[in-house]
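Protein chains in written order, with the working numbering: chain C, 1 to 317; chain A, 318 to 649; chain U, 650 to 920.
If you are wondering where the hints come from, they were derived from the structure by calculation, not from laboratory data.
Ideal Cβ positions, reconstructed from N, Cα and C, are used throughout, including at glycine.
There's no promise every hint is true.
With the C-beta cut set under 8 angstroms, the calculated list includes, among others, these residues of chain C facing chain A [claimed, not checked]:
#1 Ala-8
#2 Ala-9
#3 Thr-11
#4 Asp-23
#5 Trp-26
#6 Lys-27
#7 Ile-90
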Amino acid sequence: MSALATPAAITPNRPGLTGRLSDFLWKHPHVLLAILLGPPVLWLGIIYLGSLFALLLQSFFSIDDFSGLINYEFTLSTYKQLLSDANFDIIVRTITMAAVVTIFSALIAFPIAYYAARYAKGKWKAVFYLGIMLPLWSSYLVKIYAWKLILAKEGILTWAFAKLHLLWLLDAWLALPIIGGNSLSVSYTGTFLVFVYVWMPFMILPIQAALERVPGNLIEASSDLGGTPQQTFRHVLFPLALPGIVAGSIFTFSLTLGDYIIPQIVGSSRLFIGQAVYAQQGTAGNIPLAAAFTVVPIVIMGLYLWMAKRMGAFDAL
Amino acid sequence: MTAAVLFENVSRHFGAVKAVDAVDLEIAAGEFFAMLGPSGSGKTTCLRLMAGFEQPTGGHIEIFGETAEGVPPYRRSVNTVFQDYALFPHLSILDNVAYGLMVKGIGKDERRKAAEDALAMVKLPGYGQRRPGQLSGGQRQRVALARALVNKPKVLLLDEPLGALDLKLREQMQEELKSLQKSLGITFVFVTHDQGEALSMADRIAVFNDGKIQQLGTPEDIYKRPQTRFVADFVGSSNVLSSATCARLGVPAKAASLRPEAIAIGTSWAEQLSLPGTVTARSFLGATNRVSVDCAGEKIIVASPAAMPVPDIGAEVQLAFSRNDLHLMEEA
Amino acid sequence: MRSDRSASAPLGLKIAAIGGLLFLHIPILLIFLYAFTTEEKSYQFPPPGLTLQWFAVTWNRPDVWAALTLSVKVATIATAIALVLGTLCAAAVSQTRFFGRETISLLVILPIALPGIITGIALRSAFSMADIPFSFWTIVLGHATFCIVVVYNNAVARFRRVSGSLIEASMDLGADGFQTFRHIILPNIGTALLAGGMLAFALSFDEVIVTTFTGGQQSTLPIWMLEELIRPRQRPVTNVVAMVVMLVTFLPILAAYYLTRDGDQIAGAGK
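Hey, can you work out the whole structure from these sequences and the hints?
This is how it looks when you write it as structure tokens:
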């Protein structure tokens with residue numbers, strides 16, 4: 001060795017608590033892992049999963065018709081009640097709405113995602129990104145409120161139809177059975193519009209992510225080989241974007257399925273699952289039935305996620 | 318004299334995978350030591366065992382006579398130059414170099430001075446205020462070196478230090494590292510898969526395969542006298558002659574290695590050994606011609622100087638070489 | 650998706666894309682217009698006149714201030730809890746290998762993947778079973794639970810970019826675990842945590858579904874708005890509050906975008 005100042009090859013323990021603690025954690029990485037994972041896992045496991053299981057358990061109890069108290073005995077009678085005609089109608093109505101909302105969300109979201117992925121460059125890329133993120137993250141209630149302003153009888157939509165001399169068209173639409181009503185804000189059409197508006201941004205990002213991964217020259221290759229734009233879309237673009245669409249539909253479908261505020265504010269008096277849960281646990285005080293109702297979206301989403309996973313949709317998240 | 322690094326029967330198993338398997342190793346103080354081998358041969362794991370990033374599953378490690386297993390990296394007077402340099406992106410070059418001194422609680426002025434000196438030593442004076450992202454690969458490599466050396470480590474570990482550099486820069490850095498090591502007198506241990514790098518820089522080389530040391534010796538030993546087929550193959554692609562061919566030469570051995578450049582085509586003198594064969598392929602490599610010759614079913618590669626005439630494919634030739642260049646091996 | 654030839658978009662696509670963006674933004678712009686309307690009783694369009702007087706009226710409403718204060722308090726504490734828990738979880742998942750890592754990711758995402766009403770009613774029935782009275786803290790508990798995922802997503806994305814050898818390099822140079830955390834890990838994940846915290850704040854500040862189940866007599870700003878939506882009392886005040894809420898949520902989102910734009914994206918799939 002040269003004339004270098006030579007320290008010891010192994011320096012002793014650092015003095016003080018942090019030095020010893022640091023050595024201890026380094027020697028016992030499992031303790032470190034337990035310290036890192038413990039708090040979040042305990043929090044989510046006890047507070048969240050615990051509550052969730054307690055709720056699901058309640059769906060196997062029943063309510064005493066006379067006293068209104070919960071009868072803590074295992075029974076499937078609550079599920080029988082869930083499948084009664086009136087309640088079954090609610091389930092079918094909600095699933096239909098969720099499906100229609102999902103389809104229209106995909107139709108509106110696709111061009112935005114496609115343009116953002118393929119044509120937006122530089123500054124426009126940022127504009128598109130923020131243009132999608134801001135509505136997605138901005139206040140849920142304010143968005144609903146905005147549609148109350150739009151759909152009101154004296155609101156902007158009626159005004160626009162009047163200016164265009166198309167009021168007859170609006171009236172004809174409202175006169176239709178099921179989807180019509182006294183005004184847009186108390187019709188299924190209104191509920192549908194608000195659902196699409198509020199949940200559609202969740203569809204754009206996964207589609208965009210899926211399309212970003214498609215090399216641009218694939219589209220050129222298809223048209224080079226003589227594919228018309230329609231054929232290119234059907235045989236190249238759509239199959240490649242499908243995992244993104246499925247991933248996005250997880251959000252639009254699940255969020256529509258569980259929502260109870262939108263149909264309460266904009267819509268008719270016929271209930272959706274979320275409203276039924278809310279009513280059963282609140283005014284009716286029938287927690288077991290409310291719990292049984294929540295099982296429906298959980299089961300549907302479980303099946304949906306299972307199918308989506310098989311289609312490889314999670315890679316697009 | 319105490320060994321700088323001592324491995325006694327050291328193993329590091331990951332489940333069923335024996336990354337390092339019962340390795341004995343002694344690196345002398347002040348030595349420039351190379352660990353050479355293909356990827357997955359255990360050389361990098363050995364380096365990480367010295368640094369303290371891995372703990373042995375068996376055996377005993379000493380650094381300058383002190384037990385090292387169970388000692389965290391931050392308490393070892395050993396520093397590493399990482400393969401990807403691992404410069405801290407959020408710190409300036411000066412703060413990167415001064416980091417080791419900072420965490421040891423050395424005063425601001427003193428550590429700045431030391432860091433600037435270290436930067437000057439690696440020929441990057443005045444680069445202190447830049448960020449790692451503003452430097453080229455070669456410059457980052459020098460910063461990583463300065464950052465390790467400023468701590469005056471007892472052992473400096475280098476993990477494929479030149480792997481990411483282009484050829485010219487690599488040759489230049491080889492020379493610089495070598496002279497830096499000589500002037501500082503610090504023990505350098507470096508890992509590489511490039512046999513040329515190991516041969517030109519190291520005082521001694523350990524050739525690794527399958528978690529074991531195949532051969533340990535000076536560059537000349539390793540190159541000229543490979544003890545196993547693997548070493549002969551990996552270091553400079555020797556011809557390995559079968560026992561049948563050895564017998565034809567009148568040399569009883571299970572196998573023998575023969576360097577391509579030790580063979581001459583055509584002429585042979587009385588004291589030399591010779592083998593007849595047929596030329597099957599040839600290619601021009603600049604300084605040499607690479608000629609493949611089939612000798613009774615055994616393929617032998619010859620590196621023939623470019624100035625010599627090259628026989629045509631199909632030509633019958635005599636291969637001549639000295640008995641001294643034929644190195645006998647124990648294993649087949 | 651990148652094209653070598655920089656072809657311009659077909660006209661139909663352009664119209665559909667811009668139309669879609671307008672569909673997203675016009676309703677929000679309307680909120681800004683209605684905050685200034687002179688009309689008190691209905692949602693008349695176009696507004697008969699514009700005025701600033703409702704800002705003054707709103708300013709002097711104690712119930713709005715109380716709701717706003719509560720929302721800020723809840724969001725601040727829920728964000729703080731989510732920051733700690735989300736960062737710990739992200740560190741464990743990205744820095745170590747252990748059995749069941751995927752399960753942990755699923756556990757973190759679940760509170761946001763299942764409809765809010767399920768989280769809400771589950772917490773509510775658990776609170777009443779455990780005889781915990783509804784209070785400020787029950788609201789915070791619920792909010793923190795679904796805010797963890799936002800912090801977690803941002804932190805995991807950044808941890809992935811901080812190469813493992815940085816931590817080894819720090820320890821190699823003599824820094825112990827605490828020094829490495831302070832000098833290397835924290836500065837490198839800081840902006841991601843800030844972004845995650847801002848998004849968590851925005852999420853909590855805006856949350857209404859879980860809050861209706863976990864809140865007692867207190868009303869946060871969204872609860873206040875919900876009541877105004879169901880039983881309108883003074884529409885112009887609601888208009889002003891709606892605009893203010895919109896602005897308050899815009900700022901953290903913009904800030905989060907600028908903090909994370911080089912590289913990782915803010916996790917939009919986390920709401």
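Results for each hint:
A cut of 8 angstroms between beta carbons decides the hint on Ala-8(C): the least distance to chain A is about 7 angstroms, and the hint holds. Interface hint at Ala-9(C): satisfied, since its Cβ lies 4 angstroms from the closest Cβ of chain A, which is below the 8 angstroms cut-off. The beta carbon of Thr-11(C) comes within 5 angstroms of a beta carbon in chain A, closer than 8 angstroms, and the hint placing it at the interface holds. Checking Asp-23(C) against chain A: minimum C-beta separation of about 6 angstroms stays under 8 angstroms; hint holds.
Of the supplied interface hints, the one on Trp-26(C) holds, with its beta-carbon coming within about 4 angstroms of a beta-carbon of chain A, less than 8 angstroms. For the restraint placing Lys-27(C) at the interface with chain A, the shortest Cβ-Cβ distance is roughly 7 angstroms, inside the 8 angstroms limit, so the hint holds. Proximity of Ile-90(C) to chain A is violated relative to the hint, the smallest CB-CB distance being about 53 angstroms (cut-off 8 angstroms).
Of the numbered hints stated above, the single one contradicted by the structure is hint 7.
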